[in-house]
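Protein sequences, first through last, are from chains A and B. Here the numbering used here is used: the first residue of the first sequence is 1, the next is one more, and so on. Here the numbering used here is used: the first residue of the second sequence is 321, the next is one more, and so on.
Among these hints, one or two may not hold up.
Chain B stretches covered by chain A per the calculated footprint, using a threshold of three residues with CB under 8 Å from any CB of chain A [claimed, not checked]:
| id | region |
| --- | --- |
| 1 | 428 to 437 |
| 2 | 532 to 544 |
In silico BS3-like pairs for lysine-lysine, Cα to Cα no more than 27 Å straight-line [what the hints assert, rightly or not]:
| id | chain 1 | residue 1 | chain 2 | residue 2 |
| --- | --- | --- | --- | --- |
| 3 | A | K116 | B | K606 |
| 4 | B | K459 | B | K401 |
| 5 | B | K483 | B | K606 |
| 6 | A | K116 | B | K435 |
| 7 | A | K241 | B | K353 |
| 8 | B | K486 | B | K401 |
| 9 | B | K353 | B | K435 |
| 10 | B | K486 | A | K301 |
| 11 | B | K353 | B | K401 |
| 12 | B | K353 | B | K459 |
| 13 | A | K301 | B | K405 |
| 14 | B | K435 | B | K376 |
| 15 | B | K599 | B | K576 |
| 16 | B | K435 | A | K241 |
| 17 | A | K139 | B | K576 |
| 18 | B | K405 | A | K116 |
| 19 | B | K483 | B | K353 |
| 20 | B | K376 | B | K459 |
| 21 | B | K606 | B | K353 |
| 22 | A | K285 | B | K401 |
| 23 | A | K184 | A | K116 |
| 24 | B | K376 | A | K285 |
| 25 | B | K480 | B | K606 |
| 26 | B | K576 | B | K486 |
| 27 | A | K116 | B | K483 |
| 28 | A | K192 | B | K353 |
| 29 | A | K301 | B | K401 |
| 30 | A | K285 | B | K599 |
To give a feel for the contact side, a few chain B residues facing chain A, derived at Cβ under 7 Å [claimed, not checked]:
| id | residue |
| --- | --- |
| 31 | P406 |
| 32 | L416 |
| 33 | I417 |
| 34 | T418 |
| 35 | G421 |
| 36 | S510 |
| 37 | I514 |
| 38 | V579 |
| 39 | T581 |
| 40 | I582 |
It is worth saying that the hints were derived from the structure and are not from the lab. Just so it is clear, CB atoms sit at the ideal spot from N, CA and C, and this is done for glycine as well.
Now for the letters of each chain:
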Amino acid sequence: MAFYKKQFGLISAAVILILLVLFRYLGIIDDYYITIIDLVFINIILAVSLNLTIGFLGQLALGNAGFMAIGAYTSAILTTYLKLPPILLFPVAVLCSGVLAVLSSLIVGIPSLRLKGDYLAIITLGFGEIIKNIITGLKITGGARGYKGIMNYNTDFETNAYVNMIVLYLFAGLTVFVISNFTKSRHGRVIKSIRDNEIASEASGVNIMYYKLLGFSMSAFFAGVAGSLYAHHNGILAANKFDFNYSIEMVIMVVLGGMGNIKGSIAAAIFLTFLPQLLSSFSDKRMLFYSILLIIVMLVKNKNYPFLKIDFYKKRLLGR
Amino acid sequence: MNLFIDQMINGISVGSVYALVALGYTMVYGIVKLINFAHGDIIMVSSYFLMVFLRKAGLPFPLAILLSVALSGALGAIVEKLAYKPLRGAPRINVLITAIGVSILLQNVFAWVFKQDNPASMPALLDGAINIGGVSISKISVLTILVSVILMVTLSLLIKYTKMGKAMRAVSEDSGAAALMGINVDTTVSATFIIGSALAAVAGVLFASTYRLINPFMGSDFGLKAFIAAVLGGIGIIPGAMIGGFIMGVVESLAKGYVSTIFADTIVFTILIVILIFKPSGLLGKNIKEKV
């Protein structure tokens, strides 16, 4: 039992992998579900990495779709113009996407994170829109018509959707592993201390700017990687996909799963990816639903509305 | 040369609208230290109210403007009471997430209610142009600049000389001490939200009458630029918001005229980054060290 508790992550990861393989051979999940499951894995990477900024660093970032777009287009352009054997090309492209996302996160992070106040929220909000505009305005990214003919591992590796799913699974697993271990490490504890009391941790000799940037750029790195995976999974890219609404969807996943709770982010990413796919009528009204959800979660969390609390009804209905 | 003058006038006209919106951001930030993301959407709300009163209810212009400004001001206060006030004292990120939630809620509720009117066209408030020394200026631009300047002057006087203005300054400096001195903090915060939202509503009316086309999502882009204007002038400082608004309007207009429409937003955004690097307290701000 002690072993199970200690290795919970590893064991559950293995169980999920076995289940995925088993379900595939039993024919329970067909190619349609595989497409959704692929998206689930990409969204898990996005939600867990954004949780590092929102939940552990305590800063609101509203432009992770922008970092994702940078990763996606970097990967798309690299695989088109770089002449390397495909087995080497894919890892290089993924890594470069992450690195470029980190560089752009430094451009927005350095001016905003060294200040007190909520500048990161507004600057990332603007950044996401600007990236979308620049991609639409440039020629190399295909402009408003989108980017077509990206190396796709279904066709270029002569594999099938099934292998694709396993690759995405491994990336999602790796992200969860790295980020959850990071938050438990010395650096992760420093980041949490900044969230809880910036002045106290500065007085304890913490280089606040360095650790804030570390958390934020790490989150951007994984967003870039997710973008690269998305590009190769989809085969075509359109700048409109990476809009403000997508950034907000990531924020919703973090907030619904619980800020600073990685398991929660994974659960919320699974739930919120399946929901619009299965209920098409929900898909149109989803931003309306999400915004109400955001407000209610925040108000309940703060417990200032008694009628939003479960205890309120427990007392009245059960008499205790 | 003619293009330059045209773009300058256009910039000052847009800039005065930015300044009105930036005032609301700055006042709210000064008092509750919150970036009110929903503030930009008040512009959209007021222009939709105006559209409904004019086109659906057939009210005359003055009455329709008055009603939409009053309703939008009330909406600002209601949002504060329902969504922000319960979170006073909570971690700032929670209030920010609520604010972004309110902003998306307003946009999507209006997109849903006005499905047929997206985008909606507005009747003209003022037509024609006047000619000053060979340069023709549209009447609506002149009206926009006049109304904005009058409102800004009135607001400055209000904050400097009335009891309410004194209370606002006191609360923004130290709300705890202000409460001990017998100032009703809740009323003061509500008044700030009402005034800020009413100014944004006037900006919405002017903007809708100039461009004659409104949509439920126009507020966020406009709000972002107005916020940059507030930061440029120094957030929390009222004259700073006005100066920042005019600078933003002129820069954006010149960038659109001489560079390109797509990259105008990028240029404006670069201003924000440059300001945050070199003078984060804004043009009129002073550096204040944080005390423990």
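Cross-check of the supplied hints:
1. 428 to 437: With 3 residues closer than 8 Å to chain A, the region 428 to 437 of chain B meets the three-residue bar; holds.
2. 532 to 544: holds (count 3)
3. A:K116 x B:K606: Cα-Cα ~15 Å, so holds.
4. B:K459 x B:K401: 39 Å, violated
5. B:K483 x B:K606: 26 Å, holds
6. A:K116 x B:K435: Distance of about 41 Å is beyond 27 Å: violated.
7. A:K241 x B:K353: 33 Å, violated
8. B:K486 x B:K401: 22 Å, holds
9. B:K353 x B:K435: 35 Å, violated
10. B:K486 x A:K301: At roughly 35 Å apart (the allowed maximum being 27 Å), K301 (chain A) and K486 (chain B) break the hint.
11. B:K353 x B:K401: 16 Å, holds
12. B:K353 x B:K459: Since the Cα atoms of K353 (chain B) and K459 (chain B) sit roughly 38 Å apart, the hinted pair is violated (cutoff 27 Å).
13. A:K301 x B:K405: Holds, at about 14 Å.
14. B:K435 x B:K376: Between K435 (chain B) and K376 (chain B) the Cα gap is close to 15 Å, so the pair holds against 27 Å.
15. B:K599 x B:K576: 25 Å, holds
16. B:K435 x A:K241: 22 Å, holds
17. A:K139 x B:K576: Since the Cα atoms of K139 (chain A) and K576 (chain B) sit roughly 20 Å apart, the hinted pair holds (cutoff 27 Å).
18. B:K405 x A:K116: 22 Å, holds
19. B:K483 x B:K353: Holds. K483 (chain B) to K353 (chain B) sits at ~22 Å (cutoff 27 Å).
20. B:K376 x B:K459: Holds, at roughly 26 Å.
21. B:K606 x B:K353: 17 Å, holds
22. A:K285 x B:K401: 26 Å, holds
23. A:K184 x A:K116: Satisfied, since the Cα-Cα distance of roughly 25 Å is no more than 27 Å.
24. B:K376 x A:K285: Measuring from Cα to Cα gives roughly 26 Å; hence the hint holds.
25. B:K480 x B:K606: 20 Å, holds
26. B:K576 x B:K486: 41 Å, violated
27. A:K116 x B:K483: With a Cα-Cα distance of about 31 Å, the restraint between K116 (chain A) and K483 (chain B) is violated, given a limit of 27 Å.
28. A:K192 x B:K353: Answer holds: K192 (chain A) to K353 (chain B) is near 22 Å, not above 27 Å.
29. A:K301 x B:K401: Status holds; Cα separation ~17 Å.
30. A:K285 x B:K599: Distance ~42 Å between K285 (chain A) and K599 (chain B) Cα, so the pair is violated.
31. P406: 4 Å, holds
32. L416: Holds, because the Cβ-Cβ distance from L416 (chain B) to chain A comes to roughly 5 Å (cut-off 7 Å).
33. I417: I417 (chain B) check passes; min Cβ-Cβ to chain A is 5 Å, inside 7 Å.
34. T418: 5 Å, holds
35. G421: 3 Å, holds
36. S510: 17 Å, violated
37. I514: I514 (chain B) check fails; min Cβ-Cβ to chain A is 21 Å, beyond 7 Å.
38. V579: 11 Å, violated
39. T581: 9 Å, violated
40. I582: Hint holds; I582 (chain B) Cβ to chain A Cβ min 4 Å, cut 7 Å.
The structure is inconsistent with the numbered hints 4, 6, 7, 9, 10, 12, 26, 27, 30, 36, 37, 38, 39, although it conforms to all the rest.
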